[in-house]
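As you go down the protein sequences, you meet chains U and A in turn.
This note's numbering puts the first residue of the first sequence at 1, with every later residue one more than the last.
This note's numbering puts the first residue of the second sequence at 1, with every later residue one more than the last.
Hints may be right or wrong, so weigh each one.
Pairs count within a copy or across copies, as identical chains cannot be separated in the list.
[To be verified] Quick list of in silico lysine to any residue cross-link-like pairs, SDA-like style, CA-CA up to 20 Å:
(1) K445 to D481
(2) K234 to P357
(3) K309 to L252
(4) K234 to E413
Hint data in this document are derived by calculation from the structure and do not stem from the laboratory.
On a predicted model such as this, the values are computed, not experimentally measured, just so you know.
There are 2 protein chains.
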Amino acid sequence: MAVPGEPTIIPILARPASAAAAEQGRTCGGDDVAIDLDGLFPHSEEIIRRTVRSFEDALIDIWASSGDAAKPREAAEVGLDVPAGPRELADVVSELRRHMLPACLNTTHPGCVAHMDTLPTLAAAVCESITASLNNNMLFAELSPAFTTMERELLRWFAARFRLPDGAGGTMTSGGSLANLLAVLLARHRFDPAVRESGWTHGDRAVVLASDAVHASIPKAVMALGMGRQALVKVRSDAEGRLSIDALAEALRKLPREGRRGFMVVAVAGTTVTGATDDLSAIGRLCREHGVWFHVDAAYGGAVVFSAKHRPLLTGIELADSITFNPQKWMYVPKAAAMLLVRRPELLAEAVGVRMPYSNGSPFNFGDLSLQGTRPVDVLKVWLNLQLLGLSGIESLIDHTMSLGRHFAERVERSVEFELVSRGDLNICCFQPRDPAADPQAVRKRFLDRQGCLLSLPTFRGRRLLRAVLLNPRLTFEHIDRWLAG
Amino acid sequence: MAVPGEPTIIPILARPASAAAAEQGRTCGGDDVAIDLDGLFPHSEEIIRRTVRSFEDALIDIWASSGDAAKPREAAEVGLDVPAGPRELADVVSELRRHMLPACLNTTHPGCVAHMDTLPTLAAAVCESITASLNNNMLFAELSPAFTTMERELLRWFAARFRLPDGAGGTMTSGGSLANLLAVLLARHRFDPAVRESGWTHGDRAVVLASDAVHASIPKAVMALGMGRQALVKVRSDAEGRLSIDALAEALRKLPREGRRGFMVVAVAGTTVTGATDDLSAIGRLCREHGVWFHVDAAYGGAVVFSAKHRPLLTGIELADSITFNPQKWMYVPKAAAMLLVRRPELLAEAVGVRMPYSNGSPFNFGDLSLQGTRPVDVLKVWLNLQLLGLSGIESLIDHTMSLGRHFAERVERSVEFELVSRGDLNICCFQPRDPAADPQAVRKRFLDRQGCLLSLPTFRGRRLLRAVLLNPRLTFEHIDRWLAG
Numbered sequence: 001m002a003v004p005g006e007p008t009i010i011p012i013l014a015r016p017a018s019a020a021a022a023e024q025g026r027t028c029g030g031d032d033v034a035i036d037l038d039g040l041f042p043h044s045e046e047i048i049r050r051t052v053r054s055f056e057d058a059l060i061d062i063w064a065s066s067g068d069a070a071k072p073r074e075a076a077e078v079g080l081d082v083p084a085g086p087r088e089l090a091d092v093v094s095e096l097r098r099h100m101l102p103a104c105l106n107t108t109h110p111g112c113v114a115h116m117d118t119l120p121t122l123a124a125a126v127c128e129s130i131t132a133s134l135n136n137n138m139l140f141a142e143l144s145p146a147f148t149t150m151e152r153e154l155l156r157w158f159a160a161r162f163r164l165p166d167g168a169g170g171t172m173t174s175g176g177s178l179a180n181l182l183a184v185l186l187a188r189h190r191f192d193p194a195v196r197e198s199g200w201t202h203g204d205r206a207v208v209l210a211s212d213a214v215h216a217s218i219p220k221a222v223m224a225l226g227m228g229r230q231a232l233v234k235v236r237s238d239a240e241g242r243l244s245i246d247a248l249a250e251a252l253r254k255l256p257r258e259g260r261r262g263f264m265v266v267a268v269a270g271t272t273v274t275g276a277t278d279d280l281s282a283i284g285r286l287c288r289e290h291g292v293w294f295h296v297d298a299a300y301g302g303a304v305v306f307s308a309k310h311r312p313l314l315t316g317i318e319l320a321d322s323i324t325f326n327p328q329k330w331m332y333v334p335k336a337a338a339m340l341l342v343r344r345p346e347l348l349a350e351a352v353g354v355r356m357p358y359s360n361g362s363p364f365n366f367g368d369l370s371l372q373g374t375r376p377v378d379v380l381k382v383w384l385n386l387q388l389l390g391l392s393g394i395e396s397l398i399d400h401t402m403s404l405g406r407h408f409a410e411r412v413e414r415s416v417e418f419e420l421v422s423r424g425d426l427n428i429c430c431f432q433p434r435d436p437a438a439d440p441q442a443v444r445k446r447f448l449d450r451q452g453c454l455l456s457l458p459t460f461r462g463r464r465l466l467r468a469v470l471l472n473p474r475l476t477f478e479h480i481d482r483w484l485a486g
Numbered sequence: 001m002a003v004p005g006e007p008t009i010i011p012i013l014a015r016p017a018s019a020a021a022a023e024q025g026r027t028c029g030g031d032d033v034a035i036d037l038d039g040l041f042p043h044s045e046e047i048i049r050r051t052v053r054s055f056e057d058a059l060i061d062i063w064a065s066s067g068d069a070a071k072p073r074e075a076a077e078v079g080l081d082v083p084a085g086p087r088e089l090a091d092v093v094s095e096l097r098r099h100m101l102p103a104c105l106n107t108t109h110p111g112c113v114a115h116m117d118t119l120p121t122l123a124a125a126v127c128e129s130i131t132a133s134l135n136n137n138m139l140f141a142e143l144s145p146a147f148t149t150m151e152r153e154l155l156r157w158f159a160a161r162f163r164l165p166d167g168a169g170g171t172m173t174s175g176g177s178l179a180n181l182l183a184v185l186l187a188r189h190r191f192d193p194a195v196r197e198s199g200w201t202h203g204d205r206a207v208v209l210a211s212d213a214v215h216a217s218i219p220k221a222v223m224a225l226g227m228g229r230q231a232l233v234k235v236r237s238d239a240e241g242r243l244s245i246d247a248l249a250e251a252l253r254k255l256p257r258e259g260r261r262g263f264m265v266v267a268v269a270g271t272t273v274t275g276a277t278d279d280l281s282a283i284g285r286l287c288r289e290h291g292v293w294f295h296v297d298a299a300y301g302g303a304v305v306f307s308a309k310h311r312p313l314l315t316g317i318e319l320a321d322s323i324t325f326n327p328q329k330w331m332y333v334p335k336a337a338a339m340l341l342v343r344r345p346e347l348l349a350e351a352v353g354v355r356m357p358y359s360n361g362s363p364f365n366f367g368d369l370s371l372q373g374t375r376p377v378d379v380l381k382v383w384l385n386l387q388l389l390g391l392s393g394i395e396s397l398i399d400h401t402m403s404l405g406r407h408f409a410e411r412v413e414r415s416v417e418f419e420l421v422s423r424g425d426l427n428i429c430c431f432q433p434r435d436p437a438a439d440p441q442a443v444r445k446r447f448l449d450r451q452g453c454l455l456s457l458p459t460f461r462g463r464r465l466l467r468a469v470l471l472n473p474r475l476t477f478e479h480i481d482r483w484l485a486g
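The shape of chain U in the complex, shown without the other chains (with noise of 0.2 Å):
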């Protein structure tokens, strides 16, 4: 089956032409027990469309949203316990409608404005029961074909839209955690490759610079990675949470003075409590001076390198050599869709691959790039968005929804009950009661419970800000009037 250089492909098999006649015992167990595998793994084109149709109910509950704010309900009231028999579909979906959704986020809403969690398109959401029917395996590319084309393809894409160099490859990882996880363990192994043999061996003499508005993930991939928290150097960065360049300068001479030395920068572009993106030229300068990874946490705000008006904020990150972006957040893309888009791909292979024994040999398999194995099909739905919104499409969402951030920025300006504490320089907006008694929570809450509008209350600086993230592009300048009218 193998064409050399090429990944296997092998079709959708045609079920064998006297499968009918084989087919009997449509139902296995006992006697007493029968499970209906008609019903479960069907073949018949009316029990699939009866199946799908099940779900649709639900689906118009979440998207149509007839959900009840004023009553929220405990979630204990879902009936956790396991059946000691089969229940019929419709009465599991059934109690999913009554008892589950209401007790459920749902991020479709208008006023679910309190983090980078989106609400996706309804086709690439619904995508995800094809996604799941054919269950893929990105492990090897025998056992997931045309999405291991597609998934090579796309982030080759990717990495172009980033201006990284042609080669500039990478990998998919269920979630940003993970992408930035695995930038840490590359740098890691540019900088010393014996360490994937030997063992971490530098104590705190080689570290990792990074801002102080880093995202949890970095010192958390720190510290897995052997090299313990104190292998993180931590960079001071200004009002808005942007690292601060002359505290990178000053740290990066000073290390060798103490026999010390950085192997690796992480920078941001947006920032998760405000929003705010680095100077990436001038890191990444810094970082080619110094012989340091240059690693951009795009995350979020990525996505801005689809705009036109807005990319110039990442100018710069085609320094990087590595780069984290999420289509799961501002490219409406359901969870998890991440990436790590590498400037040298070859160094993944040669930093995380093992022999998998019980592989056929197809010559290239994401399993060998990544330290997740079996790992589902993300792709398929970034796809989906692709070609359905298309360039101008994206471009389009991206700039509507900043045009939203900088509506609810100038609103705070104007109001009389809150300042702006940090506009970032996304669609993310940090701010806070003038009045010092005022207590956030209590606000959080009245804009909950009066204008159906849910906020953050990250802490920053020591401060418990409110904050809203204006991702959904169905929110309009009336609705974010309205909010902050009180």
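Got chain U; can you put chain A on it based on the hints?
For chain A alone, coordinates are given in the frame of chain U:
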């Protein structure tokens, strides 16, 4: 909102009363570039139903499987170009059906027996459209209130199935490799909590012991975690891949005489190639005796815990400090659905928890227990299958597919062409041509071309084997007889 000690519950938010009035601007972008927000992010029942039904025929392609095995297509035929502007959903789905699906592996086909990648129940696959629409995040309880409760409770329930003591729990992970990585990290932390701050300082004087048939994720974990692959001691296994108890006992005795110490043993319930299951009681007793962390990788074989007939294979698993178990394999749940169960789950937060300033302060967050941050909801489809099948249904599926495995092995044993190399302990059979000159690759191709049966070709003890994993409950004895009749 927060009830102390309980996850914060946030309901499906109602749309603000005046939302309808506020919703002008159903497109965004300039006059020349307009995005159909009503179509992409619909509120109307009609559009929601239309979107769901756009994918129905693609689901029928997969489940009623009209593909043509004789004509493998190149995945390159799929259009990976990203268009300049939006496309119609119907056109994109039509391209998916015509060009992409025929190049995919179809796990619903009864002949697809190559790997541990099974078909899921159709209901669990379709349910992914619900999960993806809600797009809840397992990072914080406030972002996934119902699902945080559900995952926590079901993990306790699974832990109880394996007869871990009260208080046992854990976390779901996006695949078994990540569960194994977390287990090694946990054992490392129990051995030396100072590694978290100071990094690995033990060189190869502290080691993990695992059989030479252990899954590739274990050497990968030891390497990634900064201990170096030298810190993995491989222990001999028998002809079918079962860890030698004598060799393990000897290694544990010998290490201290060399100034080394084993701090973890990894046992396997269902090795990847042969499905061999280690003697968990004997290994567990040795671990207790030597004060060593006992991890069981039951990613595959753990499912037999649901069968009265086959669960004795797992006797001794109740001694484990941690267990990897993947419902994404033998429980017919689409991937990813994997978990790490831990006797003392409080160790997880100690080992990997870091401060997350953007959290609103829910008392329990899965993000504190995991290397993953943003994580999709994998538990809903596990819940759905448990409800649909019930305990007796799962037991029937396990027992039925075990009997398919036994039948396959007996049929190989009676065959003139093949000999059985290993029947493992589960529903996996490894065999080879009796004629030493026969090429396993050619035999594999013949099975696929003539019988529509896709086998895998793992390497084991230096030999290329043919391997069948008999997971599909719609397989019949007749299919197997026909395949092996040649």
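Outcome of the hint check:
For the identical chains of this complex, K445 and D481 are intra-copy neighbours only, at 18 Å inside a copy versus 66 Å across copies, given an alpha-carbon limit of 20 Å. In this assembly of identical chains, K234 and P357 lie within 20 Å of each other by CA distance solely across copies; the values are 15 Å between and 42 Å within a copy. Proximity of K309 to L252 under the C-alpha cut-off of 20 Å is found in neither arrangement, the shortest distances being 33 Å within a copy and 64 Å between copies. Proximity of K234 and E413 under a CA criterion of 20 Å is satisfied in neither setting, with 32 Å inside one chain copy and 64 Å between copies.
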